[in-house]
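From first to last, the protein sequence lines stand for chains A and B.
If you use the UniProt record's numbering, the first sequence closes out at 401, no skipped numbers anywhere.
If you use the UniProt record's numbering, the second sequence closes out at 401, no skipped numbers anywhere.
Calculated directly from the structure, the hints in this document are not laboratory data.
One or more of the hints may lead you astray.
To be verified - Listed next, the stretches of chain A that the computed footprint assigns to chain B, with coverage defined by at least 3 CB atoms under 8 Å from CB atoms of chain B: (1) 147-155; (2) 174-181; (3) 311-320.
From the three backbone atoms N, C-alpha and C, an ideal C-beta is built for every residue, glycine too.
Number of protein chains: 2
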Amino acid sequence: MSSYHALSEAEAVEYARGIPNLFTPGSELTSREIGDGNLNLVFHITEPSTGKSVILKQALPYAKVVGESWPLTLDRARIESEALMIQESLCPDLVPHVFVYDKELALTGMEDLSDHIIMRRGLMEGNRYPLFAGHIGRFLAHTMFFTSDLGMNQQEKKLRVKQFINPELCKITEELIFDDPYRDADTNDIPPAIRDAVEALWNDNELKLEVAILRTGFLTKAQALLHGDLHTGSIFIKPDSTKVIDPEFAYYGPIGFDIGAVFANLLLNFAAQEGWSKDAASREDYRSYLLGTIREVWETFEREFRSLWNEHGTDRMFQTPGYQDWYMQQVLRDTFGYTGSKTVRRVHGLAQVADINKLEDAAAKERAQRIALQIGTGLIKYHRQANSIDELLDIAVKAVR
Amino acid sequence: MSSYHALSEAEAVEYARGIPNLFTPGSELTSREIGDGNLNLVFHITEPSTGKSVILKQALPYAKVVGESWPLTLDRARIESEALMIQESLCPDLVPHVFVYDKELALTGMEDLSDHIIMRRGLMEGNRYPLFAGHIGRFLAHTMFFTSDLGMNQQEKKLRVKQFINPELCKITEELIFDDPYRDADTNDIPPAIRDAVEALWNDNELKLEVAILRTGFLTKAQALLHGDLHTGSIFIKPDSTKVIDPEFAYYGPIGFDIGAVFANLLLNFAAQEGWSKDAASREDYRSYLLGTIREVWETFEREFRSLWNEHGTDRMFQTPGYQDWYMQQVLRDTFGYTGSKTVRRVHGLAQVADINKLEDAAAKERAQRIALQIGTGLIKYHRQANSIDELLDIAVKAVR
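Next comes chain A alone, as it looks inside the complex:
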């Protein structure tokens, strides 16, 4: 089984049996392929006699999106497993444990999280997760600080940058987030009802200038090891647990990009409450919960990041008075900009979100899309002036007033 080929279910079972100290020798194992088949095979392998289980995720050498298929590097399995292992070393409770990474097969054996649900679904069901903000704020602070020049040996960090050079997956982001939504690209999937608003973006040079500046940061700012795709579909959740999965887009980039991914997907759900909430009072209430979560994520991130810095920062120059405040302000400004970029692309670009697209009422869906565009473009245009998280919340509140 050592040279690459897509595993059959029987092979997956045999492979899982070989993982040391996991299953009972000789016991019966069952396998179910639960991936969507577009990018990866995902085998859920269980031992009914004990309830033990494991996930085997195998990268496929292509990506399938809307019927098209293009080749995609198997190296993303290495990136994903190596990023998970670094994240686990920093936040062991917030990512799935990796049992094994097999380079030849582009396969990772990891902890089964079937008792969690995808957070996007949880939000669409109107659930609240009071521990989430603390969890994800800590995840962001610890994974960013300890992979940056602030929190690790600066020469080893350069080797990490090299380890996580990720051209093919970065290209997807560069095009789908920072280019295609701002022109009449074939990849877009423009809802006819809001075509006027989308076309207005294409002619808004002030907006496109800010997007080009944010794109520059994505291309050049090797600040910390990012997850790279931290939307609510990359988060498994239950009331007492949060698990960040799927870091195959990991690379060294601007810290605000990951924070922005979290905020954008909370704001997309915020916009989608046009349709999900059953009345105005519950809509306002759930929206307050979402904005409160954003505030708490930022405050947790900032508090923990500064505290790690004060406790573990060894770089002399970075202890200069005023520098930490300057740094946090840059991260906040990037966060505004990337939150906006990641909100806009989900409205009319490729790969939209169920929060909005599953709305059945056409008028509510259109309102949600327009709200999301207003929030996204507002954040992008304002990002270089931002000074406080309150301003981000204000931009969201004004869009639904």
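Chain B: place on chain A using the hints.
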């Protein structure tokens, strides 16, 4: 000869003889070791019967500075030769031709430039090089543009970033330029006469904040493939020719760092005219020549960079109105800051410059050092507000008024 060892002169001759299509088979060759022995062996090998010659540069596995010796990666020979070959493909007339790179021996065989002199010496002798500004401005524009996200495939650029990860040599810069001069470090060599001015830097938090910000750019801003050490000792010159040598510090960093290296070394000579010029009139005249050179380098760089962008820039988002102006302003601001950083470190840090240190008159030397510190700190403090090259020249002029 395939495993690494420092070559003897006889071995160097034999090696040179093996370079295809260079020397006449069987002819007599002579060798002279002309390196300073601190970092590299440099063999100058000539064929007296034809006048043909070649330089063999072999990296030593250590660096010797002021009596101390520390290990230093042989990989710098690869970095240097690969950077030279990229630069040659973009500006064939402005770098030595590389005949051969031998990974095992950490050895590069390159064009002999003995008919040129080191530019630092040329300036100390009061020479003028009217073609220099055009040459180096073009070198900066072409090597930066075509290795950046603006002028090359953005996925291939990421592989270039990986190819030029250069931790050990970057560390030297991070410490000697962006840290040690701003504290009482052992590596400093503080001229007793200006100790008051040096100690004032150590207590200047406004200055140190700006240095910390510039250091952040050096650590994280992967904009283009830099030479990394572009002072006037890395430039061979004669009236009709300019050759940039020794890019062993090459890595992906901020464009303004290389431009700043050129400007800083012109400004150090500008300061040193306190002692070199024979009278006030010739001093003013040579200083005008130096400042005119700085202006012309910037103007050539900016004009050529914008012109390459307009002609060869394929990225759609980077054609957004206003973006090119924003980008050039960032490069200008970085240039101010790095010019300042590279000026200050040469006054009292490790590795000072002959322009100042060879001055025999103690009073003139002290004035030169104070002028250099004033210019350097002025540029560092002003860098985030800079809008035109005139402001840089003003800061220099004010320091000698």
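TODO: Apply the coverage criterion to the segment 147-155 of chain A and chain B: a residue qualifies when its Cβ sits closer than 8 Å to a Cβ of the chain, and three qualifying residues are needed.
DONE: Answer holds; 3 residues pass the 8 Å Cβ test.
Open item on the list: Quick check: do three or more residues in the segment 174-181 of chain A have a beta carbon closer than 8 Å to a beta carbon of chain B?
Closed with: Contact hint for the segment 174-181 of chain A vs chain B: holds, 3 residues under 8 Å.
- [ ] Given that the segment 311-320 of chain A was listed as covered by chain B, double-check it with a C-beta distance under 8 Å for 3 or more residues.
- [x] With 4 residues closer than 8 Å to chain B, the segment 311-320 of chain A meets the three-residue bar; holds.
Checked against the numbered hints given earlier, this structure breaks none of them.
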